[in-house]
Amino acid sequence: MPQWVRFSIVMLAISVGSGCAVTRSEMDLAEVPVENPAEGPEVTFVRLVDARDFELEPGDPSTPSLKNGEIENASITSRALARKRNGYGQALGDILLPEGSTVTGVVENRLARSFANRGYRVVEEGQRGYTEAVPLEVSVERFWGWFTPGFFTIDLQFETLVRVTGPLAGLRHGKTFQGASKESFAAAMDDNWRRVLNAALDNLEADIQATLPAPE
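Everything in the sequence shown is counted per our numbering, starting at 60 for the first residue and increasing by one.
Treat the hints loosely; a few may be bogus.
Unchecked claim - Okay, the calculated beta carbon distance ranges per label pair: (1) 250 x 191: 40 to 50 Å; (2) 131 x 178: 33 to 43 Å; (3) 207 x 184: 38 to 48 Å; (4) 200 x 127: 22 to 32 Å; (5) 131 x 184: 22 to 32 Å; (6) 226 x 98: 13 to 23 Å; (7) 121 x 275: 17 to 27 Å; (8) 96 x 127: 39 to 49 Å.
If you're looking for bench data, these hints aren't it; they were derived computationally from the structure. All values reported here derive from a predicted model rather than from experimental measurement. For each residue, glycine too, the CB sits at the ideal point set by N, CA and C.
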């Protein structure tokens, strides 16, 4: 099959698969289960901040942005996951979490499971051990997905970088954890975005469990 025909087929698939690319869409991410160990030091997340910088019309798709320029609207930026693009890389609609969900909430859920798997008991207000729990502050410095067009396929990429600070071994001066994922697809379907995003979050958890000091 001639290359131009194959290219046309791929571009058609991208166009069909991205039919809603010009509009804003929502993507739900299921919470992961958190199982605290029976014993272990208690920790609690007392402050979670979305520290990402959004730009109006960035030159690089890896920089967070929003179609309608709502980069100062925290009710929107707090849910922003990625920016859709057409087959030529032109920025189009946004991908957000549903109302009631936030990026910091997604990160907190993944952090809780990672700390629990490392031997810490992650507690909330009203739970046993909360008043004595070590307070941890979280800054979400990067949490973004982007689209890169190719000749026969497109690449979907997602990166996250989180900084955790608290009076705990290895965290007193702040420690950064990160996760990333990149895959090639025929089109930027919602399931493909979700797959790449969840893979990056799994990678974040792996980094935490590999580098977070075990309880003393």
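Quick one: are residue 207 and residue 184 within 38 to 48 Å, going by C-beta?
-> holds (43 Å)
So the hint says 22 to 32 Å: do the beta-carbon atoms of residue 200 and residue 127 match that?
-> holds (24 Å)
Quick one: are residue 250 and residue 191 within 40 to 50 Å, going by C-beta?
-> For residue 191 against residue 250, whose Cβ atoms are near 43 Å apart, the range 40 to 50 Å holds.
If you check the beta carbons of residue 121 and residue 275, does the distance land in 17 to 27 Å?
-> violated (38 Å)
Beta-carbon spacing of residue 226 to residue 98 - inside the hinted bounds 13 to 23 Å or not = holds (20 Å)
Supplied distance hint 33 to 43 Å, evaluated on CB atoms of residue 131 and residue 178 | Hint holds: Cβ distance 41 Å, inside 33 to 43 Å.
Take a look at whether the Cβ-Cβ distance between residue 96 and residue 127 falls inside 39 to 49 Å.
-> Check passed, 45 Å falls within 39 to 49 Å.
Taking the beta carbons of residue 131 and residue 184, is their distance inside 22 to 32 Å?
-> Given about 31 Å between the Cβ atoms, the range holds.
Consistency with the previously given hints fails for number 7 only.
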